[in-house]
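Engineer: So you can see what is in the structure, the chains are spelled out below.
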Amino acid sequence: AQSVTQLDSQVPVFEEAPVELRCNYSSSVSVYLFWYVQYPNQGLQLLLKYLSGSTLVESINGFEAEFNKSQTSFHLRKPSVHISDTAEYFCAVRGGATNKLIFGTGTLLAVQP
Amino acid sequence: GAVVSQHPSWVICKSGTSVKIECRSLDFQATTMFWYRQFPKQSLMLMATSNEGSKATYEQGVEKDKFLINHASLTLSTLTVTSAHPEDSSFYICSALTGRAGELFFGEGSRLTVL
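Chains S and Z are the protein sequences, given in the same order. The first sequence: position 43 = 43 (the numbering used here), numbered continuously. The second sequence: position 98 = 98 (the numbering used here), numbered continuously.
No lab work stands behind these hints, which were simulated from the structure alone. Any given hint might turn out to be false.
[To be verified] Ranges between beta-carbon positions, derived for each pair:
#, chain 1, residue 1, chain 2, residue 2, range
1, S, Ala17, Z, Ala72, 46 to 56 Å
2, Z, Asp65, S, Lys69, 39 to 49 Å
3, Z, Ser9, S, Ser9, 25 to 35 Å
4, S, Ala17, Z, Gly102, 10 to 20 Å
5, S, Gly53, Z, Gly53, 29 to 39 Å
6, Z, Thr17, S, Ala17, 31 to 41 Å
All of these numbers come straight from a predicted model, not from anything done at the bench. Ideal Cβ placement from N, Cα and C applies to all residues, glycine included.
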């Protein structure tokens with residue numbers, strides 16, 4: 001079975017500062033990894049994903065994540081955050097034959113002016 | 001991109017009544033859909049896997065008689081919360097699996113409040 005750990009429940013950061021949201025996973029099979037963002041009272045939006053190939057994946061709004069198999073991590077980074085990036089970020093893993101997507105507990109990114 | 005629609009987006013009901021939530025894939029066929037629930041300020045918990053034409057597979061601890069799932073067509077899955085109680089109040093989110101590289105797309109969610 002797969003599982004996901006997001007150690008930080010909340011990450012406060014000042015605007016234009018860099019940020020890293022941590023995600024570690026465990027799985028006995030090859031996995032696909034995802035980051036989703038959820039704004040208040042809204043559904044989930046896919047931010048970026050790793051399926052195969054290059055271990056560094058990027059989103060259109062400046063976020064990036066690197067798949068590190070040896071450390072079983074998929075940390076999310078952004079070099080300079082904006083107020084509008086304030087949201088809940090969920091790391092998720094999918095693997096095996098079931099296609100189930102298992103979510104981490106989420107990290108609230110709180111960007112302050 | 002692919003679109004998944006949920007209806008209603010929010011619903012308030014009295015304790016003891018049943019509520020049906022629909023999940024539709026608008027521009028693709030989805031043989032598999034998933035239902036999640038999310039409590040305030042918490043993560044999404046997978047409730048069940050809905051497969052078109054067959055019985056849903058429920059996660060451990062989820063009451064199948066309480067949360068009835070029907071996936072009668074390739075574009076529609078429904079979740080019915082039977083005899084709802086205040087503790088069933090939650091945000092219910094569905095996702096649909098496409099055939100393209102097995103991508104998952106999420107609905108906007110349905111907020112259920114049971115009084």
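Engineer: Does each hint hold? Answer for all of them.
Structural biologist: Going down the list of hints, with the structure as the test:
1. S:Ala17 x Z:Ala72: 46 to 56 Å: Between alanine 17 of chain S and alanine 72 of chain Z, where Cβ atoms are some 50 Å apart, the hint holds.
2. Z:Asp65 x S:Lys69: 39 to 49 Å: holds, 42 Å
3. Z:Ser9 x S:Ser9: 25 to 35 Å: Holds, since serine 9 of chain Z and serine 9 of chain S (Cβ atoms, about 27 Å apart) stay within the stated range.
4. S:Ala17 x Z:Gly102: 10 to 20 Å: Check failed, 36 Å falls outside 10 to 20 Å.
5. S:Gly53 x Z:Gly53: 29 to 39 Å: Check passed, 34 Å falls within 29 to 39 Å.
6. Z:Thr17 x S:Ala17: 31 to 41 Å: 49 Å Cβ-Cβ, so the 31 to 41 Å window is violated.
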